[in-house]
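2 protein chains.
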Amino acid sequence: MDFREKLRIEPASSVKLADIDPSFHGNIKDKDEGKAELSAVLDEITPLQEKLYAEKKHALLIVLQGIDAAGKDGVCWHVIRAMNPQGTYVASFKQPTETEKAHDFLWRVHQRTPALGQVAVFNRSHYEDVLVARVHNLVPERVWSKRYRQINHFEEFLSENGVSIVKFFLYISKDEQLDRFEKRLEDKERQWKISGSDYSERERWDDYIAAYEDMLSKCSTEHAPWYVLPANRKWFRNLAAAKIIHQTLLDMQIETPTPTVDLDEIYRKYHHAVRNG
Amino acid sequence: MDFREKLRIEPASSVKLADIDPSFHGNIKDKDEGKAELSAVLDEITPLQEKLYAEKKHALLIVLQGIDAAGKDGVCWHVIRAMNPQGTYVASFKQPTETEKAHDFLWRVHQRTPALGQVAVFNRSHYEDVLVARVHNLVPERVWSKRYRQINHFEEFLSENGVSIVKFFLYISKDEQLDRFEKRLEDKERQWKISGSDYSERERWDDYIAAYEDMLSKCSTEHAPWYVLPANRKWFRNLAAAKIIHQTLLDMQIETPTPTVDLDEIYRKYHHAVRNG
Chain A
1 MDFREKLRIE PASSVKLADI DPSFHGNIKD KDEGKAELSA VLDEITPLQE KLYAEKKHAL
61 LIVLQGIDAA GKDGVCWHVI RAMNPQGTYV ASFKQPTETE KAHDFLWRVH QRTPALGQVA
121 VFNRSHYEDV LVARVHNLVP ERVWSKRYRQ INHFEEFLSE NGVSIVKFFL YISKDEQLDR
181 FEKRLEDKER QWKISGSDYS ERERWDDYIA AYEDMLSKCS TEHAPWYVLP ANRKWFRNLA
241 AAKIIHQTLL DMQIETPTPT VDLDEIYRKY HHAVRNG
Chain B
1 MDFREKLRIE PASSVKLADI DPSFHGNIKD KDEGKAELSA VLDEITPLQE KLYAEKKHAL
61 LIVLQGIDAA GKDGVCWHVI RAMNPQGTYV ASFKQPTETE KAHDFLWRVH QRTPALGQVA
121 VFNRSHYEDV LVARVHNLVP ERVWSKRYRQ INHFEEFLSE NGVSIVKFFL YISKDEQLDR
181 FEKRLEDKER QWKISGSDYS ERERWDDYIA AYEDMLSKCS TEHAPWYVLP ANRKWFRNLA
241 AAKIIHQTLL DMQIETPTPT VDLDEIYRKY HHAVRNG
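Sequences listed follow chains A and B, in order. So for the first sequence, UniProt numbering puts the first residue at 1; every next one is plus one. So for the second sequence, UniProt numbering puts the first residue at 1; every next one is plus one.
Please note that a few of the clues may not be correct.
If several chains are the same, the list does not tell them apart, and a pair holds so long as it fits within one copy or across any two.
List of simulated lysine to any residue pairs, SDA-like, C-alpha gap at most 20 Å [unchecked claim]: (1) Lys57 - Ala120; (2) Lys51 - Arg184; (3) Lys56 - Lys174; (4) Lys56 - Ser200; (5) Lys188 - Arg204.
I should point out that these hints are in silico values taken from the structure, not numbers from a laboratory.
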């Protein structure tokens, strides 16, 4: 299965999430098969990220969005760990500080974009400014409605400066979310994660779905495509993310840099001399 | 073996690196045994880091120093990857920029110290300012000689603000370094790493050793101990780093936070209702 082909949102399409099955798992039979495939593709990602880091001519930005408990942290843990922490980082965007609020909404985001050679993961992102900001009327519609275009321009600018962008929307069903909340409630080590707002936000489910659909419809572009990852099955979500990251890295045609020094000369001068002397 | 006991530099001691065997591997028989132990200890580190991230009352700062090819990047890859990239980052300190040079030497470092809940790895650090700065006379002795005290005060301040600090000096022999350079020369994927300065720095080996000895002697404190990790054997280096990090995390007595909401009420309100309804 070509995961990118299958899961990518075409530019200027009209997404209806109800048409997508959050339990979809393609032609991957079960969890065991999924995990084996994941392990194989992670092994391919490791040397590619190493090369990216060495070459310093490309960067990769991975954007993660999804409703509470959709698995954004899980993707960080199970997929991003294939990459050397040297050269990789996760930037989480929470409620903006007073200073951040005094700037435009892309200001704090721009500061965390990856340098050439780096992979950045945005756990939540500038898209919160057309999601929570819209659902909770934090800004009027005349403000947030312009942001889709502003985001497209910003991402185009990044891509013209060597940053490849992939955006994952982790899609779980409303029932699956409730199940996951319940599992947290039952696990002493994870109970602290539960907050009252998890449930109050849940009451706005339909508003969020509408906001996600607009985000996906308006902001999936050639240079920064959105992928909807069916995420009810964690193993499929991880595998799909890894496969798409892998293919994106391959497309970047990263090359190991050539040595900056005369290797023969160095070899003669320092190594043979020592070995034979 | 108690790795901390064995490898820690006592405060106000007088370190002679010639007295330490860089090929030391304690009572660990061989690479296979070392790797098995490493895997076990990494499995212990994972949930501790998760707890640290959840609790947000402690932070951990891991400082890595060592001569070229000593294995700083290797520790990042083989040890730090036990931690969720969410909540962990590597800060590399290269030659300071013009802006950084216009500030005191701790200015850029302070900005990258970990927030409560985070683990930061400094790949090189403020210690470069008593190492390369001293060996190359980048500043006069009257300047660098004060820095040991300044660093101790800075680290004491951090530790009084919830940051536990462990510092690893990765110690390889001069022959081992040359072997590693040669392996890089022979590996097409890693040749780019070789630079002329690797070899010219090597000529200052003794100056660096003297600077390392002073750093270890003057800056190993109760609140921020230096550990000398014998690093000729990569597997022992990784195991020692992991063991010491593990023990340090245990000592921090991190606790899973208690829930901020009434779990029973939430359960009744949202879960039983749905389950039984």
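Okay, the hints, checked on the actual structure:
1. Lys57 - Ala120: within (15 Å within a copy, 26 Å between copies)
2. Lys51 - Arg184: For Lys51 and Arg184, the Cα distance is within 20 Å only across copies (15 Å; inside one copy 39 Å).
3. Lys56 - Lys174: Neither way: Lys56 and Lys174 sit 42 Å apart in one copy and 30 Å across, limit 20 Å.
4. Lys56 - Ser200: neither (44 Å within a copy, 25 Å between copies)
5. Lys188 - Arg204: neither (28 Å within a copy, 55 Å between copies)
Consistency with the previously given hints fails for numbers 3, 4, 5, ordered from lowest to highest.
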